[in-house]
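Trainee: Since chain A is already given, all that's left is putting chain B on it; use the hints.
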Amino acid sequence: MSRFSSGTLQRTGWLAAVGSIALMLPLQGALADAIGGEVERQPLNIAAIVMFLLFVAATLYITWWASKRSRTASDYYAAGGRITGFQNGLAIAGDFMSAASFLGISALVFASGYDGLIYSMGFLVGWPIIMFLIAERLRNLGRYTFADVASYRLKKRPIRTLSAFGSLSVVALYLIAQIVGAGKLIQLLFGLDYIVAVVIVGVLMVCYVLFGGMLATTWVQMIKAALLLFGATFMALMVLWHVGFSVEHLFSEAARVHPDDEAIMTPGGLVSDPISAISLGLALMFGTAGLPHILMRFFTVGDAKEARKSVFVATGFIGYFYILTFIIGFGAILLVSTNPAFKDAAGAIIGGNNMVAVHLADAVGGSLFLGFISAVAFATILAVVAGLTLAGASAVSHDLYAGVLKRDQADEAKEVMVSKGAVLVLGIVAIWLGILFESQNIAFMVGLAFSIAASCNFPVLLLAMYWRRLTTRGALWGGAMGLATAIGLMILGPTIWVQVLGHAEPIYPYDYPALFSMAVAFLGIYVFSVTDKSRAAEEERALFEPQFVRSQTGLGASGSTSH
Amino acid sequence: MSSLDHDDAYRRIASNPNFQALVHRRGRFALTLTAIMMGLYFAFILLIAFAPQVLGIPVADGAMTTWGIVIGIGLILAAIILTGIYVRRANGEFDRLVHQILEEDRQ
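Each protein sequence line maps, in turn, to chains A and B.
Every letter in the first sequence is one number past the one before it in the UniProt record's numbering, and letter 324, counting from 1, is 324.
Every letter in the second sequence is one number past the one before it in the UniProt record's numbering, and letter 10, counting from 1, is 10.
Wrong hints could be hidden among the right ones.
[To be verified] These stretches of chain A come out as covered by chain B in the derived footprint (C-beta under 8 Å, 3 or more residues):
# : region
1 : 113 to 127
2 : 248 to 259
3 : 277 to 283
4 : 548 to 558
[As the list claims (entries may be wrong)] Simulated restraints, written as ranges between beta carbons of each label pair:
#  : chain 1 : residue 1 : chain 2 : residue 2 : range
5  : A       : Leu54     : B       : Pro17     : 55 to 61 Å
6  : B       : Arg106    : A       : Lys533    : 36 to 42 Å
7  : B       : Pro17     : A       : Val498    : 58 to 64 Å
8  : A       : Lys68     : B       : Gln107    : 40 to 46 Å
9  : B       : Val59     : A       : Asp408    : 58 to 64 Å
10 : A       : Asp408    : B       : Trp67     : 52 to 58 Å
11 : A       : Ala346    : B       : Val59     : 36 to 42 Å
12 : A       : Glu262    : B       : Phe50     : 18 to 24 Å
13 : B       : Arg12     : A       : Glu538    : 21 to 27 Å
Keep in mind that the hints were calculated from the coordinates and are not lab data.
Glycine is no exception: its CB is placed at the ideal position from the N, C-alpha and C atoms.
Pulled out of the complex, with its shape left as it was, chain A reads as follows:
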């Protein structure tokens, strides 16, 4: 039986599936039977808990080590700019590959084959764009946050306020989604209470960021990326070994046992609406280039050369990882769907489809490897939320406190204190919201986060670096319009208006707003900039030239030694 055959599912399937992947919370549509709503608590998994405790001990030791090396604001926000390009690339991969993409994409491949590949593609294609358009200029112009770059030649206070607002919205949405997903996942994998799981995640992420700053966060992300890549590689190799290292054999065996037969080798109608498809494509492609926790990573390396290297390394690892999840998904069709041990009495996968990668770990590596993969999934969540927390706290301390409140005259030590206070508050709020949202439908959150990033942060950042005639008025109006359009259309669209608020018909018929909200943002920025005849606007345009030279040469860039 195909879950994708019904008409309504075809319409919302694209959204539902990506929302699910991003969230591990497939509350509707394609993965409706996975980790959604109520999950069944599993028995305590001792091997997994022991391995997870080892990970926690190692990362807390690193946090302690990092805390001794973190003295200045630069250490705290940017690890002193001493991370190498390769390390940063690995950390970016660790920041970006969520447990959701690991479990969610392999689950999607398991359920519908080829479609899984389509989603992973969307998450990858933002990276070349970041490389070609953003990375080197961002590194050359900024210090700690992307607002440094956006406000470089514009009025600091309004632009920092806008950027901080954009950052905090993205961080809040992403963080809630991750925390809720984490709670459910840990309940499933470890047999811990939802609340206990949420509190553990919250406390650990606060510890890493509070005591170890960016240095500890970077190492947590690097270790996580290495563990995840190792685990996924091992699983993919075991799958390939099982089919005699013949991919053709893997596909034909999978098609033979899959209820959809050969249909799993072609796109399965999840993308039937071109406007939604393009809108989502835009959100993923340009949203990645507007995620504050990702952009922040570029300030941890010494110069533009290392920044470029890090994008290449990150793209390589992330692309490799998505190919692995594809093989893992097909492997699960072969080795999990055919094994009654992984099914309940009704013939459904125990724990839902999102558990197939975990069951596959059991099938190819036994209970010890199962424990390892469970621990890796937990570690994966921690690395992502730590990066988000640091980005959110930096928006509060560096942009709002130091930039807006203290007009760039803040005492460095005090600024870091404010940031640490913000980390604590964020941690408490995240735990509280995590508990509050336990059984809410939050599948829209990551989609909304990407749409806001693509419609507010990205246009302002891009044009600040590329367009001479941009003025404060244009950036402010256009950015705010993009933000408002993204949020407004999302609320009026099928995800919130129908699925959350329970109305019969959406007012805005498409799943994703990015196509329209990005257009509104760029148009708004253009119109309000070119019509700005003020003297301040003239000065801002005159400042473009020195900014341009710095962005192209790195002369005067923070942490550079070239002068």
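Mentor: This is chain B only, laid out in the frame that chain A set:
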């Protein structure tokens, strides 16, 4: 380290023809690669939306592997390769030119 310390240098470099040539070349290179990546990706999306059956054609008679798989994996590899091409040229040729321009300016 404030940018004000470099204001004169920025002005001199901005009018340096070598700098202008470099910026022009690097900009065109980056835009070309961006256009290729976006073109490939959105062509793929549109193919899925309008002609998904094309992606279901087997690569050979009787094969289970479809062109969709080849194109999909190919896109992932293309993303990696294109970033690699950019890094190679930017960290080599372009960075040497930047270095030269900065050295010249210092004298």
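Trainee: Would you mind marking each hint as holding or not holding in the structure?
Mentor: Going down the list of hints, with the structure as the test:
1. 113 to 127: holds (count 8)
2. 248 to 259: Coverage by chain B holds for the region 248 to 259 of chain A (4 residues, Cβ < 8 Å).
3. 277 to 283: holds (count 3)
4. 548 to 558: Coverage by chain B holds here, the residue count being 9 at a Cβ distance below 8 Å.
5. Leu54(A) with Pro17(B): 55 to 61 Å: Given a distance of about 59 Å, which is inside 55 to 61 Å, the answer is holds.
6. Arg106(B) with Lys533(A): 36 to 42 Å: holds (39 Å)
7. Pro17(B) with Val498(A): 58 to 64 Å: About 59 Å separates the Cβ atoms of Pro17(B) and Val498(A), which means 58 to 64 Å holds.
8. Lys68(A) with Gln107(B): 40 to 46 Å: Cβ of Lys68(A) to Cβ of Gln107(B): about 43 Å, so the range 40 to 46 Å holds.
9. Val59(B) with Asp408(A): 58 to 64 Å: holds (59 Å)
10. Asp408(A) with Trp67(B): 52 to 58 Å: holds (56 Å)
11. Ala346(A) with Val59(B): 36 to 42 Å: holds (38 Å)
12. Glu262(A) with Phe50(B): 18 to 24 Å: holds (21 Å)
13. Arg12(B) with Glu538(A): 21 to 27 Å: holds (22 Å)
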